[in-house]
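Once you have looked at the hints, place chain B on chain A.
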Amino acid sequence: GIQVEQSPPDLILQEGANSTLRCNFSDSVNNLQWFHQNPWGQLINLFYIPSGTKQNGRLSATTVATERYSLLYISSSQTTDSGVYFCAGTNTGNQFYFGTGTSLTVIP
Amino acid sequence: DGGITQSPKYLFRKEGQNVTLSCEQNLNHDAMYWYRQDPGQGLRLIYYSQIVNDFQKGDIAEGYSVSREKKESFPLTVTSAQKNPTAFYLCASSIGTGSYEQYFGPGTRLTVT
Chain A
-8 GIQVEQSPPD LILQEGANST LRCNFSDSVN NLQWFHQNPW GQLINLFYIP SGTKQNGRLS
52 ATTVATERYS LLYISSSQTT DSGVYFCAGT NTGNQFYFGT GTSLTVIP
Chain B
978 DGGITQSPKY LFRKEGQNVT LSCEQNLNHD AMYWYRQDPG QGLRLIYYSQ IVNDFQKGDI
1038 AEGYSVSREK KESFPLTVTS AQKNPTAFYL CASSIGTGSY EQYFGPGTRL TVT
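If you're matching them up, the sequences are chains A and B in order. FYI, the numbering used here numbers position 19 of the first sequence as 10, with every residue one higher than the one before it. Going from the second sequence to the numbering used here is simple: count from 1 and add 977.
Careful, some of the hints might be misleading.
[As the list claims (entries may be wrong)] Just a sample of chain A residues kept apart from chain B, beta carbon distances all over 10 Å, derived: (1) Gln5; (2) Ala8; (3) Asn9; (4) Ser17; (5) Pro30; (6) Ala56; (7) Arg59; (8) Tyr60; (9) Ser73; (10) Gln86; (11) Pro99.
[Claimed, not checked] Using C-beta positions, here's what the derived DEER-type ranges look like: (12) A:Tyr39 with B:Asp1031: 35 to 45 Å; (13) A:Ser19 with B:Glu1078: 31 to 41 Å; (14) A:Gln(-6) with B:Ser1076: 16 to 26 Å; (15) B:Val1029 with A:Gly48: 19 to 29 Å; (16) B:Gly1073 with A:Gly48: 44 to 54 Å; (17) A:Asn82 with B:Gly980: 20 to 30 Å; (18) B:Arg990 with A:Gln(-6): 25 to 35 Å; (19) A:Thr57 with B:Leu988: 43 to 53 Å; (20) A:Asn15 with B:Asn1030: 30 to 40 Å.
Hints in this document: simulated from the structure, not taken from any laboratory. Just so it is clear, CB atoms sit at the ideal spot from N, CA and C, and this is done for glycine as well.
Looking at chain A on its own, in the form it has when it is part of the complex (with noise of 0.2 Å):
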């Protein structure tokens, strides 16, 4: 299957500081979403992004699909913004793969 790589594995911001998640994908992927998994559990879309750059709002997301590896950034950052950040991909279709996630944590 895909490994995914996700970096860093924790981050702690101030309010109002950016940040840049990055995940690496080990072959090339067709299909590939960020979600932000909140502390309850479910798991919401931010982008669904197989290629170029995508923004909504204060996050926007890159992916160089030839290079295997996507970014999503996060500026002026909140304390909703809290969570586990997850990207996923598939080659399929029909078998996602899951990184480990990114943990943030935004203090006031």
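Using the frame of chain A, we list chain B on its own:
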């Protein structure tokens, strides 16, 4: 309200008992999935179904069984053969397999003692 529901939220069982987790979606999605999450880990695929009456094993299907008799429903049974059943179980669905987004339910925390 369209979405994916999982019940119950918390489930406690004694070792040796089978237990069935419910997953229902009203999104009219063809594909449905079951994942397992252990503490500090990512999600791993147990089973997926592309259409009614069809399902395929994921990486960690041993000790689990599923059925897909209706488009809306994809229940997961954790059998007594599953050696480490205590985990957080998440159900997901997508329009189809391929280049489509997956959407997740709220999950069920299963504790087996």
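Handout entry: Violated hints - listed by number, lowest first
Key = Checked against the structure, the hints that fail are numbers 10, 12, 13, 15, 16, while the rest are satisfied.
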